Amino acid sequence: MGKFRVLIFLFLVFSICGCGEKEYSRVEFLMDTVVEIKLYHRSKAKAQEAIDSAMEEMRRVEQKMSCFLPASEVSRINREALLERGKGSPLAEGWIPVSDELFSLLSEAVRLSKLTKGRFDITIYPLWRIWKFEKDSVEVPAKEEIEKKKRLINYNNMFIENGKINFAKRGMGIDLGGIAKGYAVDAAIRVLKEKNVESAMVNAGGDIYVLGRKQGKPWRIGIRHPRRAGEILGIVDMEDGAIVTSGDYERFFFSEGKRYHHILDPKTGYPANECQSVTIVAKKATFADGLATGVFVLGPGEGMGLIESLGEVEGVIVNKEGEVSVSSGLVSKIEYVNEK
Amino acid sequence: MLTRNDRILIFGLVTVASIFFVRRFFVSSEGSEALIKVGNRTVQRLSLRIDRMINLEGEKGRVVIQVKDGGVRVVESSCLQKICVNTGWIERPGQNIICLPNKVLVTIEGKESYKVDAVSY
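Chains A and B, in that order, are what the protein sequence lines are. Counting from 1, position 69 in the first sequence corresponds to residue 69 in our numbering; the numbering is continuous, with no gaps. Plus 1000 on top of the position in the second sequence (first one is 1) and you've got our numbering.
Wrong hints could be hidden among the right ones.
As the list claims (entries may be wrong) - Among chain B residues calculated to face chain A with C-beta under 7 Å, some are:
#1 Gly1071
#2 Ser1078
#3 Leu1080
#4 Thr1087
#5 Ile1098
#6 Leu1105
#7 Val1116
Everything labelled a hint here was simulated from the structure, so no lab data went into it. Quick caveat, the model's predicted, so the values are computed rather than measured. Even for Gly, the Cβ is constructed at its ideal location relative to N, Cα and C.
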């Protein structure tokens, strides 16, 4: 009997260490960024299958939500929105059909617009198009052009009802760039859960969701230093949650000595310059993604106020001078890193 | 008094603990490798102990990668913004350099000494 006890004890020790679970990961170029899925599983075959399905799901989301792919649902809506629809009020006729999935994402976008007083706004599409960040443009659009497009931005002029959408002005359109990556991450996590994965991380270009714990311990997620590439500002221990950062260092160009980055303020039509980076920790990556953009544009003062007013949301803001502020629920949890 | 089984138990635990100890502290930073991908294809896996220059054909054109003194960087790239070149040297497991226009990814593999599982950026 004694020997059995020893064996059982040793077995337990091994089980607690999670020795049976191995790490599986894959990196792919997707959604104009690098996507990494990492998970812990006992079975190699099941792990690979889960990663395959999750990657496939993210590709599906991209095909549907990207405004750069002509065949996507969003592109179809943007094209149809440009068409002349009836005389007088365009509202009278010409509603454009929307799938259930896109409808619920649009509703989430409107909720984020309301929270951020319109500083996160998916109707930014006409403005985004003339800045052409996705094409690596290095030219600032003409001032008159910016003014003209700015007038088309307003989520209140976008009407969504079950299964359909319409716009108050011709030339309006939607760009889910500020929310789609986060949504794809949430979608991938949903697939992994369906495949009974309990410990995983999905990282789409820094938009991250961690599922469960990593071998019995929380996942450790670094927050990028906004001015020193390759270095981190701090580390947050996380389980079952999303962390997303919006920074001015991701896509930018210089014109006449001035730096222009890709986070545009719908109010001014130009890049928002009050922050260097904003990191949001929340329950869903979709929400964290949109909120990070909105808070970035709102600026450090109002932005932190908004973070503090929301339940189960925390954040880190680096203002334009490089000063770091951390929301009350995260102060004791963030670990600062002193490097170099 | 220790019985025979107690001794087996202690011996077993010490053995298990030593295995973990050895794995954690001695197998860690040794043998870091840089993994280079173009698109979703792994082009090369190279040891950081040998200094060299590597020429790659990215999606947009030429990308030159340098390995030196245990670090790796992108020296030259046909992209417009040069975010990859400006990233500079990376040397710790988990760090990476990305050139989106060329779809080039350079990442350092090995036991993560950087202490994080991912970086939000």
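Results for each hint:
| no. | hint | in the structure |
| --- | --- | --- |
| 1 | Gly1071 | violated (10 Å) |
| 2 | Ser1078 | violated (12 Å) |
| 3 | Leu1080 | holds (4 Å) |
| 4 | Thr1087 | holds (5 Å) |
| 5 | Ile1098 | holds (5 Å) |
| 6 | Leu1105 | holds (6 Å) |
| 7 | Val1116 | holds (4 Å) |
When the structure is compared with the earlier hints, violations turn up for hints 1 and 2 and for no others.
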